[in-house]
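Student: In case you want the letters, here they are:
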Amino acid sequence: MGREMMFGEAIAVAITEEMQRDSSVVFYGQNMAMTDRDPYVRKFGKDRVRITPISETAEMGIAVGAAMTGLRPIVELYMSEFMLVAFDEVINEAPRMRYMSGGQVKVPLVFKAGFGFAAGWAAQHSNSILNTMMGIPGLKLVVPSTSADAKGMMKSAIRDDNPVVYLHHYMLTLDKSEVPDGDYLVPLGVADVKRAGTDVTIVATAWMVKKSLAAAEMLAKEGISAEVVDPRTLAPLDVDTIVQSVRKTGRLVLVDQAPRQSSAAAVIAGEVAEHGFRYLKAPVKMVTAMDTSVPYSAPMESYVLPSEERIVSAVKSVLAAQAAAV
Amino acid sequence: MQSKEALGKERLIWMFTQMSRIREFEERVKRTFVEHPGVIRGHAHLGDGAEASIVGSLTARQENDLVMPSYRCHGYPIVLGTDARRLMAEIYTRKDGICKGFGGSMHLADPAHHFVGTSGIIGQGIAHAAGAALTAQVKKTGQVVFSFFGDGSSKQGAFHETLNLAAVWKLPVVFVLENNFYQAYTHIRLEDANFMAGDPLSQKAKAYSIPGVTVDGTDPLAVYEAVGQAAERARAGQGPSLIESRFYRFTPHGNAITVPPVPTQFQEHEAIEVYGNKAEFEAARANDPIPKFRKALIARGAISAADADRIEAAARAEMDEVVKFALASPLPAPEDAVNYVWA
Chain D
196 MGREMMFGEA IAVAITEEMQ RDSSVVFYGQ NMAMTDRDPY VRKFGKDRVR ITPISETAEM
256 GIAVGAAMTG LRPIVELYMS EFMLVAFDEV INEAPRMRYM SGGQVKVPLV FKAGFGFAAG
316 WAAQHSNSIL NTMMGIPGLK LVVPSTSADA KGMMKSAIRD DNPVVYLHHY MLTLDKSEVP
376 DGDYLVPLGV ADVKRAGTDV TIVATAWMVK KSLAAAEMLA KEGISAEVVD PRTLAPLDVD
436 TIVQSVRKTG RLVLVDQAPR QSSAAAVIAG EVAEHGFRYL KAPVKMVTAM DTSVPYSAPM
496 ESYVLPSEER IVSAVKSVLA AQAAAV
Chain E
305 MQSKEALGKE RLIWMFTQMS RIREFEERVK RTFVEHPGVI RGHAHLGDGA EASIVGSLTA
365 RQENDLVMPS YRCHGYPIVL GTDARRLMAE IYTRKDGICK GFGGSMHLAD PAHHFVGTSG
425 IIGQGIAHAA GAALTAQVKK TGQVVFSFFG DGSSKQGAFH ETLNLAAVWK LPVVFVLENN
485 FYQAYTHIRL EDANFMAGDP LSQKAKAYSI PGVTVDGTDP LAVYEAVGQA AERARAGQGP
545 SLIESRFYRF TPHGNAITVP PVPTQFQEHE AIEVYGNKAE FEAARANDPI PKFRKALIAR
605 GAISAADADR IEAAARAEMD EVVKFALASP LPAPEDAVNY VWA
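Chains as they are written, first to last, in the working numbering: chain D, 196 to 521; chain E, 305 to 647.
Hints are all accurate, no fakes.
Derived pair list, reagent style DSS-like, types lysine-lysine, alpha-carbon separation capped at 30 Å:
| hint | chain 1 | residue 1 | chain 2 | residue 2 |
| --- | --- | --- | --- | --- |
| 1 | E | Lys404 | E | Lys628 |
| 2 | E | Lys474 | D | Lys301 |
| 3 | D | Lys241 | E | Lys510 |
| 4 | D | Lys238 | E | Lys474 |
| 5 | D | Lys241 | E | Lys444 |
| 6 | E | Lys628 | E | Lys334 |
Some chain E residues well away from chain D (every beta-carbon gap over 10 Å; in silico):
| hint | residue |
| --- | --- |
| 7 | Ser307 |
| 8 | Ile561 |
| 9 | Val563 |
| 10 | Arg589 |
| 11 | Lys599 |
| 12 | Ala632 |
Keep in mind the hints are simulated off the structure, nothing from the lab. Using N, Cα and C, we set each Cβ at its ideal position, and we do this for glycine too.
The task is simple: from the sequences and hints, build the whole structure.
Tutor: If you want it as structure tokens, here you go:
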């Protein structure tokens, strides 16, 4: 049993449930908890729910120190790019402390931010900087695409003893889908097949899952069966599920909102090249943003970002490549 | 808290003992580069000259208070009760090191002795210390966090952002700015606006409307009093303070940065090596906090010259053993490297 829930609401429910469950969870960020009417403040009080100045280094650095000493902080950063102001804390502090101490400390925290805001936010607020946070040993990177995953993975992120960057795609915020009732957890590091298929594997995350599912629907009408795999966690990456899908379909299209060489797709393509080459009947194809910044004006913005049509065309091209090879 | 005049003989002797132990430890680290080249890798930063400031500050600690210094971090755990042999073994890259060879000189940690850990990136530990203070505040543990960092850190965004937010949240933290007059190799007169204007660095506290005090960091009792008052204020829920503790470090910023196989060791202090100012260095040397405190304790009748000699000899003997232990400890197994990535 479950109920329909908006993506954004599912995240809020997860945070609320975990704060109820564990008094060591604290939640803070800019422009939140400004009045006593704030729902989190009403439930949990101003000690555990706090407003901060615009000080990302202090916000995230304090979370690192708090996590090392027994709290489980969630930092609301709003936009993933704001982490760049203080990226040292994300890349070179939070994930290093346990290792450098020889396992004496742990750093259980969540850096929560939205990303990929393709709604006229232009070059500095619409990015997909996921690739830069993959492959940082000790750092988990969570990118849900459905309300159920949004809830279940936020709950797992809060309970995880490692630092977790939790990125939610802005364009999914209002999407409704079913969320199972109760203490619903989705394990981190496990990919999910969002649509089963036999002709081609499409790997995508977040908003690109939605676009890929729409493309799969269009392809189905033409008799092409696409399997859509959502890694859900980009670090650690569930390479095995992706390779198993490629083993079944023999073809791979990777869809990513970032420019080619800063995409998660590029990393995944490399893993498949090493671990799944023998299953491939055609070269892999990446559908990514163009090598531009994200422009402001709508026609230019949609031009540079992956579209359902480009995904459909990429799928057809890998199918054609196979035919040519035969 | 007890006034500095009221500190008992036993406590004063403890202070002198800890100062002597830090000095002897740091002397061993420095000598290792000459006597056992290659045994220490990377970069080591010493606290000789800082002993009065470190020990004076930590004398103001209560049982469970936490300590989070910068990467110039050898002295604090020595005082907090960490096994000095395991500290040296860590600096020597060994398996018995306090961090099992994963951290080294810049990244010592011993949370079991209230030494939470350090960051090797300048200034970031200030924010981490405030985070530990947030834990103390939310969990109502009554702890105060002692944050130590250099004058160079006080130009980092982390310093300014953290002082503001710690003041806003009234976090139980004492910020001890250890002004040794050199930001790595650069003299403070070239990079600090307050210093250039003839103002103390504690002036920076005014920007965040918190108390700011400058003390003579070569006098452990003066440091004890200033830090102790700040700790009392923090424990009473009144928020953070900034203490500028002024002293001189007797070695350069770190061992010379060389590329293997070129051996590295400590050169002359920057005052001489870079700026040709031998007079400045000699004057600081003449104001060495350890003989100064020894003299003060003898004058106060807290200790005899013979007892002071015995304490210093014991510190030397202890640190000789520390070096022997660290040299005898095995290197970690290569495959140990995959441990502790994930909790």
